[in-house]
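Starting from the known structure of chain X, fit chain E onto it as the hints suggest.
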Amino acid sequence: MILISELYDLNINVKSEDELDSFIEMAKRLGFHGFAVQGVISNPIQRRDDGFVLLQRYDLHRKNKMAMRNQIKKIRYNVVLVSSPLLDISLANWAAEENRIDLLTLVEPYTEYKLRKTTAKLAASADTALEIPIRPLLVTNGMARARILKAFRESVATASSAGMPIVLSSHADIPLAMRSPRAMQYIGYLLGMDMLDAKRSVRDIPSSIISKNKEKLDRKYIVEGIEILEGEKET
Amino acid sequence: MRDYRRRYVRFQLHSNDLVDEKDLSYAFRKSLLSIYGEVIVADSRFYINEFDTNSGIGILHCTSDTVEQVLAAAVLIESINGEMISFQPLRTSGTIKGAKK
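Protein chains in written order, with the numbering used here: chain X, 1 to 235; chain E, 236 to 336.
No wet-lab data here; the hints were simulated from the structure. As the structure is a prediction and not an experimental result, all values here were calculated from the model. There could be a bad hint or two in this list.
Stated by the list, open to error - To spell it out: a stretch of chain E is covered by chain X in this simulated footprint if at least three of its residues, at any positions, have a beta carbon under 8 Å from a beta carbon of chain X; those stretches are:
| hint | segment |
| --- | --- |
| 1 | 247–255 |
| 2 | 295–307 |
| 3 | 317–324 |
Beta carbons: idealized from backbone N, C-alpha and C, even for Gly.
Isolated chain X, as found in the complex (with noise of 0.2 Å):
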């Protein structure tokens, strides 16, 4: 049973399952119970013998509904988490509506697509979360970093005022690009949350996504509220 205080980072960029270790060794000297990865372990949820969970995400990369909605229907009881690129306002429309995608991403040009007030009010009401990679915030300074801040930040703001919840997390490529979950939330107030939402941002809202999602899982879930239940048996 995953429990609600349990620390998450929703997306580590790694390549092989040579490169888990090392990755695993950092996420727990930073205080992280588990991450989420693409490709490289073999089921939905791997729980270690040391209790560390690895999760599954799948980042959907086709450019049109009817190609996201095929890959969608092959992946989702395969995986803990699906994200959606942030692109143009139809399918980034698209996207927030969609109950079977939780995050939507924010990805590079990251001055070219931001998060618009109409995607926000649909993401919000499907509760669909912005997910905030800080990657691009490290390895860019000057003029670079300043316009990327200047998008993230818009971003945040039309989440927050629409409602949508708002998700930090590393994508890291090597284990040092990984920062703890304190850490980060210095980064969600870099970005204009206040403490506080930067905190749920870190914490309890990964957290949510994932127990949420692993109920999903489970085949005898229907919809939210509905799930088959087994009844006893007659004599």
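Positioned in the frame of chain X, the structure of chain E alone reads:
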């Protein structure tokens, strides 16, 4: 009487190689300057109170009004002298003794 409220932050610096205290202090100030500007660097009264190069554990000092900015700037530091680092704030307190608990 003090004219500002102090904050001491115990932190852990993760890196594959040893990082010198002077280099660390310079990197903190440079990042703070880059993100928040000269006024915050001046107002922050930032300095590193103690730092164990081997364990990577240290305590930094700043004002309570600028602690969020100082820590946000510290978290953004990717590398020092080409050595990748990850800054982890551990505990914030108004006294050194409290930060060490």
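Against the structure, the hints:
1. 247–255: Holds, because 3 residues of the segment 247–255 of chain E bring their Cβ atoms closer than 8 Å to Cβ atoms of chain X.
2. 295–307: With 3 residues closer than 8 Å to chain X, the segment 295–307 of chain E meets the three-residue bar; holds.
3. 317–324: holds (count 6)
Consistency note: the structure conflicts with none of the earlier hints.
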